[in-house]
Amino acid sequence: MQLVKALDPAQALQEAMPEVVQDIHVFREETTIIVAPKDIVTTLRYLRDTPGLLYNYLSDISAVDYYPDYSRPERFGVSYHLYSMLYNRRLRVKTYVPEDDPVVPTATVVWPAANWLEREIYDMMGIEFAGHPDMRRVLMPQDWDGHPHRRDYPLGYETVMFSFNVDEIDRHKPYAKQ
Amino acid sequence: MELTRRDLPAERQLKEAKTWEGNIEELRGLVSERALTGETMLLNMGPHHPSTHGVLRLLLELDGEEIVTCLPDVGFLHTGIEKNIEAKTYEKAVTLTDRMDYLAPMSNNTVFCMAIEKLGDIDVPERAQVIRVICLELTRLNSHLVWLGTHALDMGAMSVFLYCFRERERILDMFEMLSGQRMMGSYIRPGGVWRDLPDEFLPVLDEFLGYFPRKVDDYEKLLKNNPIWRDRTEGIGVVEPEEALALGMSGPSLRGSGVNWDLRKAMPYSGYENYDFSVPLGDHGDVYDRFYIRIEEMRESVKIIQQAVKRLPKGPFRTQNRKFAPPPRAELGRSMEAVIHHFKLWTEGFSLPDEEVYVAIESPRGELGCYLHGTGGNKPRRVHFKTPSFMHISALGTISEGHMLADLVGIIGSIDIVLGDSDR
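For the record, the sequence lines run as chains A and B. Using this note's numbering, the letters of the first sequence correspond one by one to residues 1 to 178. Using this note's numbering, the letters of the second sequence correspond one by one to residues 1001 to 1424.
No lab work stands behind these hints: they were computed from the structure. A few of these clues could be false.
[Stated by the list, open to error] Here are the computed lysine-lysine pairs in the DSS-like style, where the Cα-Cα straight-line distance is at most 30 Å: (1) B:LYS1314 with B:LYS1379; (2) B:LYS1215 with B:LYS1303; (3) B:LYS1083 with A:LYS38; (4) A:LYS94 with B:LYS1221; (5) A:LYS94 with B:LYS1088; (6) B:LYS1344 with B:LYS1092; (7) B:LYS1083 with A:LYS94; (8) B:LYS1088 with A:LYS5; (9) B:LYS1092 with A:LYS94.
[Claimed, not checked] FRET-style restraints, in silico, Cβ to Cβ: (10) A:ALA16 with B:GLU1039: 46 to 52 Å; (11) A:VAL166 with B:GLU1126: 29 to 35 Å; (12) A:SER163 with B:LEU1405: 58 to 64 Å; (13) B:GLU1348 with A:ASP23: 28 to 34 Å; (14) B:SER1159 with A:VAL26: 52 to 58 Å; (15) B:GLY1376 with A:GLN14: 28 to 34 Å; (16) B:GLU1200 with A:GLN14: 57 to 63 Å; (17) A:HIS25 with B:LEU1332: 37 to 43 Å; (18) A:GLN14 with B:ASN1260: 29 to 35 Å; (19) A:HIS25 with B:THR1095: 27 to 33 Å; (20) A:GLY131 with B:ASP1231: 39 to 45 Å.
From the three backbone atoms N, C-alpha and C, an ideal C-beta is built for every residue, glycine too.
This is chain A alone, in the form it adopts within the complex (with noise of 0.2 Å):
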């Protein structure tokens, strides 16, 4: 079987979808794609069929909370890490996303993989992922309140106990009382 030449993934995206590819960022011999979340799907259903470029395997989806620095497009971050076993090589294809409506196409529908890392992220960041099959948390418990890895989310010390909060604190304290 004739092996296609590699293809540099960037430039490949750029020639064949111009409209989609928003940035392409390299950090450490680390290639980022960053496209908008509404072409997520077909940027992802791109790489992985393309011959030359072939990102069959979906190693980590990850979300990251930009709060409060605002000098990045968007308030979330979501990053797809794609391996490709043919070319041994990895790419990660990024997007943005609005603190007011945060909703990512669901990668389900090209790796099943993405079923778990998905309700991760939806359970730890909030971000919702439409066309999802199973949109549950996972690791927090169902009526958990709130999204712990936002950063705006405390990381639950105790109030510290003063003579004037005393009583407050003890009302919320969730030992019996007599």
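Dock chain B against the given chain A, drawing on the hints supplied.
Positioned in the frame of chain A, the structure of chain B alone reads:
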């Protein structure tokens, strides 16, 4: 005549069909319609079940003894390690990573330190890399021994467990020599390792490597041709290679399906390209293949450690870049510079750029990835660990469909999950 549940009117049936705590309507779409009418049984397995290897809860829909749907439920061991790391300096956070996959703490340390090294462009001396390889492979042996013991125990072979733990104890003794701790050593640090190998370590390692291969032969003899073992493992939990890749499986569980992908070979790190070892592959993708691959991997690990001991070079065990690694104790009395570096590192820590990296290594369970996003300051913005157990548990539902309930125990054992790894 006593009424059974099926004789009840439809609305009563739904009400009575509560085999798990909570509203059964929440399960609509996740289990088949037959479960909602009570035709198939919903059964809760775990979280306190000895063969779920920790605290894994499975919601099973059973038709007789056959599994129709298997819904894994994790998170009982969630300790917020990733969130806690965001509040710690980089070096302090290494201690937390030990606690994720508690059977392979050195692998967790290594992947986190490698992410820091990549983000900060920190060099790792040759000697530290070889020490890391020794530690990683000992960790692999440690993890595989616990896996083999508990997997065999789940399937009814009691004695293997005792033998495996006997050998594992020697490995933990060696870890204690290195770091002062049997399990949570935090021995691997950004830029190298915590300290040099102690003098008594290499003789003990040599002795261990001398007798360990014979022990592996013994374990193999106990199980390999045992008719009960073969009956319970062959043809069970078959995963096709394409399916395994799509489900995101990795490590020995993926290689059991015949996919030749080992990050130590594919993308060598810590100088793995200098060692001569082979990657065992299965051809059926069943529980037996995954078992046999791990037995073979133990032999390969011994080979790697032997080569590493032979080529152990002299030199520093940690980077000489004082911005990232503290100066040796002796220098503090002589040099003002050293005192400043020491003070800065133990109070403020070091700063890394506001960029993101992804690093992955081959942990005993599979591809262990670390996504690290700096802030430009001394604490990370986000750390995310892609853990093999998480991916394997998510694949468990697909693998176990159509199998008998008793085989589920074997399948859980064969994908080698650690709940601390999955829940973090």
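Report task. Could you check the hint for me, namely that B:GLU1200 and A:GLN14 are 57 to 63 Å apart, CB to CB? Result -> This hint holds: roughly 59 Å between Cβ atoms.
Query raised in the report: Lying within 27 to 33 Å: is that true of the beta-carbon distance A:HIS25 to B:THR1095?
Result: holds, 32 Å
Query raised in the report: Taking only the CA atoms, is the gap from B:LYS1215 to B:LYS1303 under or equal to 30 Å?
Result: holds, 15 Å
Query raised in the report: Are the Cα atoms of B:LYS1088 and A:LYS5 separated by 30 Å or less?
Result: Distance of about 45 Å is beyond 30 Å: violated.
Report task. Return holds or violated for the Cβ distance of B:GLU1348 and A:ASP23 against the range 28 to 34 Å. Result -> Because 33 Å falls inside the window, the suggested range holds.
Query raised in the report: Given the hint that A:LYS94 pairs with B:LYS1221, does the C-alpha gap stay at or below 30 Å?
Result: Violated - the C-alpha atoms of B:LYS1221 and A:LYS94 are around 50 Å apart, more than 30 Å.
Report task. Mind checking the alpha carbons of A:LYS94 and B:LYS1088 for me, to see if they're no more than 30 Å apart? Result -> Distance of about 26 Å is within 30 Å: holds.
Query raised in the report: Is B:LYS1083 within 30 Å of A:LYS94, Cα to Cα?
Result: holds, 21 Å
Query raised in the report: That 58 to 64 Å hint for A:SER163 and B:LEU1405 (C-beta), does it hold up?
Result: Hint holds: Cβ distance 59 Å, inside 58 to 64 Å.
Report task. For the range 29 to 35 Å, tell me whether the beta carbons of A:VAL166 and B:GLU1126 fit it or not. Result -> Violated - the Cβ-Cβ distance for A:VAL166 and B:GLU1126, about 59 Å, lies outside 29 to 35 Å.
Query raised in the report: Between B:LYS1314 and B:LYS1379, is the straight-line Cα distance small enough, at 30 Å or below?
Result: violated, 33 Å
Query raised in the report: Would you say the C-beta atoms of B:GLY1376 and A:GLN14 sit inside 28 to 34 Å of each other?
Result: Holds, since B:GLY1376 and A:GLN14 (Cβ atoms, about 29 Å apart) stay within the stated range.
In this structure, the hints that do not hold are numbers 1, 4, 8, 11, in rising order.
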